[in-house]
Amino acid sequence: AQSVTQLDSHVSVSEGTPVLLRCNYSSSYSPSLFWYVQHPNKGLQLLLKYTSAATLVKGINGFEAEFKKSETSFHLTKPSAHMSDAAEYFCVVSDLGGSYIPTFGRGTSLIVHP
Amino acid sequence: NAGVTQTPKFQVLKTGQSMTLQCAQDMNHEYMSWYRQDPGMGLRLIHYSVGAGITDQGEVPNGYNVSRSTTEDFPLRLLSAAPSQTSVYFCASSPAGVSNEKLFFGSGTQLSVL
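Respectively, the protein sequence lines represent chains F and W.
The first sequence begins at 2 in the numbering used here and counts up one residue at a time.
The second sequence begins at 837 in the numbering used here and counts up one residue at a time.
Because the hints were derived from the structure by calculation, they are not lab data.
Treat each hint with caution, since some may be false.
Straight-line C-alpha distance at most 30 angstroms; calculated DSSO-like pairs for lysine-lysine [said to hold, decoys possible]:
#1 F/Lys70 to F/Lys50
#2 F/Lys50 to F/Lys69
#3 F/Lys43 to F/Lys59
#4 W/Lys845 to F/Lys50
#5 F/Lys69 to F/Lys59
#6 W/Lys845 to F/Lys43
#7 F/Lys43 to W/Lys850
#8 F/Lys59 to F/Lys70
Which chain F residues stay away from chain W? Per the calculated CB distances, all over 10 angstroms, these [as the list claims (entries may be wrong)]:
#9 Asp9
#10 Thr18
#11 Pro19
#12 Leu21
#13 Arg23
#14 Lys43
#15 Gln46
#16 Asp86
Computed from a predicted structure; not experimentally measured.
Glycine residues also receive a C-beta, built at the ideal position from the N, C-alpha and C atoms.
Can you build the whole structure from these sequences, using the hints too?
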């Protein structure tokens, strides 16, 4: 069965420094992978998705993620954090084995210090 | 374009009361789903539907009922509310059945059961 593990429940960075949010997945098929962002008291918004095209995926607001099959990882990065990036981030996997029903990670809270 | 509309935004219930959370989408999406979000647990799937007249259980279905009589609407019913159902509820939809398409989320319903 598909699953996803977000390795950090909280990540704290200073404004202007790089961001790394880690996600490992498990899938017996060719997975689709997503990152969603949730700002405080808001719904979820898609940041980016991977669906077996280019392994380096660029998303909105300067975020990108790299699909690494050998490491079963899909880490989210951004070169320089902004205060407005403070939010909850969710890694999501879906595949044929799970009938493409998305499975969410537990989330990583990104804290950005001035 | 309204997207996914959830009502109410806030609700307080007493233990044993019943209520219905409403979800409507105007994008002609086949797939609709309900999630609950609890701290440290990510989003957990309650029920989902791949089209009108078709529903299925997700990870945490107990205590909830759904129906899908139209493509647009997917209400979630709490039969006899319990304090364990205190949570934030999100409705989400995506086009063309269950696939690797992104989810469109409503703004959420914050439910407290006393």
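Numbers of the earlier hints that this structure fails to satisfy, in rising order: 14 and 15
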